[in-house]
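Peer 1: Two chains, two frames, a set of hints: combine them into the complex.
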Amino acid sequence: MAPVSASAFEYAPAPESRSVVDIASSYGLFIDGEFTDATGGKVFKTVSPSTEEVLSEVAEASEEDVDRAVKAARKAFEKWSALPGAERAKYLFRIARIIQERSRELAVLETLDNGKPIKETRDADLPLVAAHFFYYAGWADKLDHAGFGADPRPLGVAGQVIPWNFPLLMLAWKIAPALATGNTVVLKPAETTPLSALFFADICRQAGLPKGVVNIVTGDGRTGAALVAHPDVNKVAFTGSTAVGKAIARTVAGTRKKLTLELGGKGANIVFDDAPIDQAVEGIVNGIFFNQGQVCCAGSRLIVQESIQDELLDALKRRLSTLRLGDPLDKNTDIGAINSAEQLARITALADAGEAEGAERWSPACELPDTGYWFAPTLFTNVTQAHTIAREEIFGPVLSVLSFRTPDEAVAKANNTQYGLSAGIWSEKGSRILAVASKLRAGVVWSNTFNKFDPTSPFGGYKESGFGREGGRHGLEAYLDV
Amino acid sequence: MSDARLSVFKTYKLYVGGKFPRSESGRVYEVTDPKNNWLANAPLSSRKDARDAVVAARKAFGGWSGATAYNRGQVLYRVAEMLEGRREQFVREVAEAEGLSKSKAAAVVDAAIDRWVWYAGWTDKIAQVVGGANPVAGPFFNLSSPEPTGVVAVLAPQDSSFLGLVSVLAPVIATGNTAVVIASEKAPLPALSLAEVLATSDVPGGVVNILSGRPSEIAPSLAAHQDVNAIDLAGADEELAKELEIAAADNLKRVLRPQTVDFTQTPGIERLTAFLETKTVWHTTGALGASGSSY
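Respectively, the protein sequence lines represent chains P and G.
Residue 64 in our numbering sits at position 64 of the first sequence; the count goes up by one each step and never skips.
Residue 235 in our numbering sits at position 235 of the second sequence; the count goes up by one each step and never skips.
If we strip away everything but chain G, and leave its shape as in the complex, we get (with noise of 0.2 Å):
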């Protein structure tokens, strides 16, 4: 019987402010896999779902640069306990974009779970790594803090659709900033369910916002976007990270230009750094006289 039984597609969405909109141009685009197998239709984003997205992101950076760190952290878990519940379902879409075997596949799959769960470790840790108290000479308290640099646009790796996606994407968000991603060009699918995920972890909507198309449509328009902070050229190539990183210098965007990484091997903090301001606060310490307070 079973084997009779017709299978229920699933319409690959965006995810954008939290709700699964289809792009505002109604166009799809063909995903298939490395040998050329259907795999779904996939929205192809206009300029227009990307200025969505962004007004989407910088209208829940707020709350989410708000949260405590240890709620941010609590979050962040959360992804990592509903994806190990989604596992076998990721394997089977990983193993499809990127076709890979099912252990291969099983294994960038348990990497990206950990890698969550390891940025989740950091949300409350990296102030105090990269914070501090300077010493300054005077009567003063002086305190450097970390903070989030806004809303960061990230183009997500192309080859690595999923461990490469989590790895760029959890410490924009770890830190406090909220994103809008483009993913994998011909990989899409794993992002886009990702969302899901996300939508169902207490992740806030409009913290990450998933666009599925052209990096070459649609980012252009990220980059050059005035309400844009930041944005990671990790699934750039040279001649687009190039044009992106002129557009980007209209509003002094932070850039992280793209780098060739091992997304198998732990991270360091650059990717948390490189989307976190420097705060120095001074205060007055005064001094104690007489009659008391001399400040």
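Next comes chain P alone, as it looks inside the complex (with noise of 0.2 Å):
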């Protein structure tokens, strides 16, 4: 069967309105409750990449201005953490409904930032969002009955350093738990997505949350690097590349910061022959193409049993020859832009190398807009284990499909690699289902679906997928002295 083309069946343009929401022209850094000038007055500008249009100028906060940071969430640590924990949940009470209020707004701006589709934005950053705030709300005052002992105590200040790929869900990820255990924050947005961050402080505000509670720092990774060794933070909460997570575990090494980790990934996604392939498809879809692909846990590696390989591949294909490529503001938007000319740069050359060392590259015919940053939809056949496509994270939306024989070959082909973050079962057998997911070495399984996340569900990986869990119950333990 011919794959349907794009241009097949035309949509007329559906975007989404920006007048929803009003960005300034510049921000500053927000410290004790107020908006300052970095010392110095460095700042940078945040471009949206689906236009490189400017949006707006940042900050760029000095080592000087982390001190400042850092002394305001010691100084309001005492009173937060000596508050009792039902007067603390009502804050976070609030902040998940002032959230909730002001979703399609911060849902627009989000993707104007990142360059992710609106319909992502509005469906699934967005409900986890005020659902991750109101989750940890409510453990406040039940600390008690967590399993960590009779009264946890919080740790102090904490320091937490944020990717741009979910730049207000891991902002959530991060602070909700922190605040609903007592301590105060010092977060660092990714430089290229600081402005949803910078709205939470206005969020903040109109709760009412005491000033110093949450400080927001933006700037480059030297900012990052000054708040994750300053000598008074007592916590550190990292998401983002293996390599600069490494580089924490060097820094924190000989203190009693406490750490956890969450880093890349190289899931795997296996499909058994008695999977239902249209579901399994859609799960593919999803797993490597959803936020395009820039997905810590997506799941970069097909690993398809050989007898069906051919078939799911033609069914695959012709899915992605209707993914709808474009502008993220518009509703059908599917895959919208890549976040950086950095990041562009980097999967240019890895989907690169997996040609240059043998692996067959298919793309659907694909229109990619003028400006912006931009990348096809891309699957690789012919891919060994030892091809950099297969072993690296390219964290962008391409696919390297591996097949195998046996269950056996699965495991072994999906656990084969340094990272162990998630990964996908295919299939109709409980029983299969259940001893795969047992041999899997990954924090996370889908089992007949991918992608999917919940506040009450912990997240976090194995070996160099980093360390400690965010969400659920567990996730109170990075944030307790115990």
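Calculated from the structure, these hints are not laboratory results.
In this text, all values refer to a predicted model and were calculated from it rather than measured experimentally.
Warning: the hint list may mix true and false statements.
[As the list claims (entries may be wrong)] Derived lysine-lysine pairs resembling DSSO-like cross-links, with alpha carbons at most 30 Å apart:
(1) Lys59(G) to Lys413(P)
(2) Lys125(G) to Lys429(P)
(3) Lys439(P) to Lys125(G)
(4) Lys242(G) to Lys246(P)
(5) Lys246(P) to Lys48(G)
(6) Lys142(P) to Lys125(G)
(7) Lys452(P) to Lys125(G)
(8) Lys186(G) to Lys13(G)
(9) Lys242(G) to Lys71(P)
(10) Lys59(G) to Lys246(P)
(11) Lys19(G) to Lys439(P)
(12) Lys59(G) to Lys439(P)
(13) Lys45(P) to Lys119(P)
(14) Lys429(P) to Lys439(P)
[What the hints assert, rightly or not] So the derived label-pair ranges between C-beta atoms look like this:
(15) Lys104(G) to Ser431(P): 47 to 57 Å
(16) Val43(P) to Asp262(G): 51 to 61 Å
(17) Asp114(G) to Ser431(P): 39 to 49 Å
(18) Lys186(G) to Asp481(P): 28 to 38 Å
(19) Asp151(P) to Gly132(G): 20 to 30 Å
(20) Asp481(P) to Gly132(G): 16 to 26 Å
(21) Lys75(P) to Val117(G): 47 to 57 Å
(22) Lys186(G) to Gly149(P): 32 to 42 Å
(23) Ala86(P) to Gly132(G): 16 to 26 Å
(24) Ala82(P) to Asp33(G): 48 to 58 Å
(25) Arg104(P) to Val55(G): 49 to 59 Å
(26) Gly149(P) to Lys104(G): 22 to 32 Å
(27) Lys79(P) to Asp202(G): 51 to 61 Å
(28) Asn36(G) to Lys75(P): 50 to 60 Å
We put the beta carbon where it would ideally sit given N, CA and C, even for glycine.
Peer 2: The structure is reproduced here in structure tokens:
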């Protein structure tokens, strides 16, 4: 069957309105409840990845600014940690509700600053952000029952560094459990996506959160390094690349800082011959093309049983030919922009390496916009385990296809990685799902689904995907002195 | 007559992969009691011995982590039974090693035996205490379960050569990890004798591997080893601990930093959970519609 070309059916543009969000021309650092300029007055620009339009100018925090923020958090810690849990809970409930009220505004903002489709920010990011605050709000006055002893104590000041792929969701994963347990925070959003964290500062103001409990310092890796190395930080939480995670682990070595890391992945999506093919195809697409594949738990390796490989790949290619790439604000867009020129260059280099090493490259007919950062959905066949594209995290819309004959081979291939964050299993046979799931060395396993998230469900990796869990009761431990 | 009988000394050896090799380096060092009386020559392990021990521990991991929790509990309880039978030997060795009176050494050994029993009982309970179902908002059955981290390097406490050792080792293997232990440098003999107990207690070879020697020499290669998943720094001083934690970052080992512990007290579950991963599995439940399963 010939693949359906992308132009076989046309949609009228259906852009979400930008008028719901008002982005200021510049933003300062949010320290001790106030927006302030960076000492030295350094700023950097944040752009919309789909158009390269400058959205705003943001202050670049120096070491001195980080120190001010940590001092503010330290000062606020005494009162915040002494508040009855029920009072902390109510602040977090307020925040959750305000996020729900402002969710359309925040979704549009996130789509502008990140480049991801509005249907994802609207239907995935924002609902999960609000749910995360709502979930941890309820824990604040129930910590005695969480299994960490009678009166578990907070750690103090948490230094948190988050990535650009889910800017506001990663903020929620960091700030909600930290505040619920009585810590105060200094958070550094990613250099390319600082805006939603700065809007969150305004939500803290609306919620009446005491000054200094949440501080936001924007900047690049140097700002993050200063925060992580600050001697008065008691807890470091980082989500990002494995290389930076290792550097942070070295920085905190020999200190008493508690550390949790949520790092890279090379998730295996295993499809058995009895899998429901159409559902599996949807799961594979969701696994690697959700958020342009810029997901640490992406199912970037498709491991398919040999007997159904051709049938599955035909169906997958047909499906990829119907994906719509373009304006992230358009409600019909499936694939948005890559977050930055730097990330696009990395994806391009790795995909080129795949070709150079002999794998076979395929993309659907797909017109890329002239401005902005774009990469067509791509899949590679004839991939071996030794190929760079089967080993390294690409963090883009690139799927490597490998095959297997026996379940043991599938498990061995799935586990043949330095990472251990996620995996998927597609099969109709319950006992096979359970047996394979138990053998996979990964922190999250999805059977007959992929990329599902929930605030009650612990998330985090094995091996070099990091340590510690975010979400659920487990997520409290990272912020308690236990 | 018996007074005139010359006793038979024991040759203390390493314990690797269920066997009792000498150090491949051929080296030994002199072990004395706190008053400097010679007790024995202990193997002075090399970095190669450490690597061999990691190979043995990795080989044993699949079987041990795949054993039922009930089975691991039975095996650990068996260790306590064997220890009880050798109680007098350990009382003598601990008394000599730590310079304790006979009665104090007896209290230490009794506490160590009781600690094995305590941890033996944990094997089939920890998953219920730290795991469970998560009420996700959707048609999924979502279950979090603890799984062992893998191969754990353990720097046993320097001062508490036996009770301290048992207190750090038992939790590591109770949950299904395998261990490479560096015994107390100055008092390694109780640890090397424990190996004889483990070898006769149904603990599969390679689950516990015990090295004697200088932590400063062999621990760095364990901390940097790419096939070691975690490290317990209980027996490291501040300077060594920092060096090892930095080396451990290379493959993001789970690191348990040194802390002040009173080993005579009943422990919490921190040492059990320090070397556990949480795996969360989402199962689609679907919904039963008019035509049957809609999944």
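Peer 1: All the hints need checking, so say for each whether the structure fits it.
Peer 2: Here's how the hints hold up against the structure:
Between Lys59(G) and Lys413(P), the direct Cα distance comes to roughly 18 Å. Compliance with the 30 Å bound is thereby established for this hinted pair. Using a Cα cut-off of 30 Å, the hinted pair Lys125(G) and Lys429(P) holds, with the two alpha carbons roughly 29 Å apart. Restraint check for Lys439(P) and Lys125(G): the C-alpha separation of about 21 Å stays at or below 30 Å, so the hint holds. For the hint linking Lys242(G) to Lys246(P), the alpha-carbon distance of about 15 Å falls within 30 Å, and the restraint holds.
Between Lys246(P) and Lys48(G), the direct Cα distance comes to roughly 26 Å. Compliance with the 30 Å bound is thereby established for this hinted pair. With a C-alpha separation of about 23 Å, the suggested pairing of Lys142(P) with Lys125(G) holds against the 30 Å cut-off. Restraint check for Lys452(P) and Lys125(G): the C-alpha separation of about 29 Å stays at or below 30 Å, so the hint holds. A hinted pair counts as satisfied when its Cα atoms are at most 30 Å apart, and Lys186(G) with Lys13(G) qualifies at roughly 15 Å.
Straight-line distance between C-alpha atoms of Lys242(G) and Lys71(P) comes to about 26 Å, which keeps the hinted pair within the 30 Å bound. As the CA atoms of Lys59(G) and Lys246(P) are separated by approximately 27 Å, the hinted pair is consistent with the 30 Å bound. Between the alpha carbons of Lys19(G) and Lys439(P) the distance comes to roughly 29 Å, so the proposed pair stays at or under 30 Å and holds. At most 30 Å may separate the alpha-carbon atoms for a hinted pair to count; Lys59(G) and Lys439(P) meet this at roughly 16 Å.
About 26 Å separates the Cα atoms of Lys45(P) and Lys119(P), which keeps this hinted pair within 30 Å; it holds. Using a Cα cut-off of 30 Å, the hinted pair Lys429(P) and Lys439(P) holds, with the two alpha carbons roughly 16 Å apart. Evaluation of the 47 to 57 Å hint for Lys104(G) and Ser431(P) yields a pass: the beta carbon distance comes to about 55 Å. Against the hinted window of 51 to 61 Å, the Cβ-Cβ separation of Val43(P) and Asp262(G) comes to about 54 Å, which satisfies the hint.
One distance hint, 39 to 49 Å for the beta-carbon pair Asp114(G) and Ser431(P), holds here, with the actual separation near 40 Å. Between Lys186(G) and Asp481(P) the Cβ separation comes to about 33 Å, which falls inside the hinted range of 28 to 38 Å. Look at Asp151(P) against Gly132(G): about 22 Å separates their beta carbons, and that is inside 20 to 30 Å. For the pair Asp481(P) and Gly132(G), the beta carbons lie near 23 Å from each other, so the given range of 16 to 26 Å is met.
Between Lys75(P) and Val117(G) the beta carbon distance is about 49 Å. The supplied range of 47 to 57 Å therefore holds. The supplied range of 32 to 42 Å is met by Lys186(G) and Gly149(P), whose beta-carbon atoms lie about 35 Å from each other. Between Ala86(P) and Gly132(G) the CB atoms are about 25 Å apart, so this pair conforms to the stated range of 16 to 26 Å. In this structure the hint that Ala82(P) and Asp33(G) lie 48 to 58 Å apart at CB holds, the actual value being about 52 Å.
The hint said 49 to 59 Å for the Cβ distance between Arg104(P) and Val55(G), and at roughly 58 Å that hint holds. Evaluation of the 22 to 32 Å hint for Gly149(P) and Lys104(G) yields a pass: the beta carbon distance comes to about 31 Å. Taken as a hint, the range 51 to 61 Å holds for the pair Lys79(P) and Asp202(G), whose Cβ atoms sit roughly 56 Å apart. Between Asn36(G) and Lys75(P) the beta carbons are some 55 Å apart, a value that agrees with the proposed interval 50 to 60 Å.
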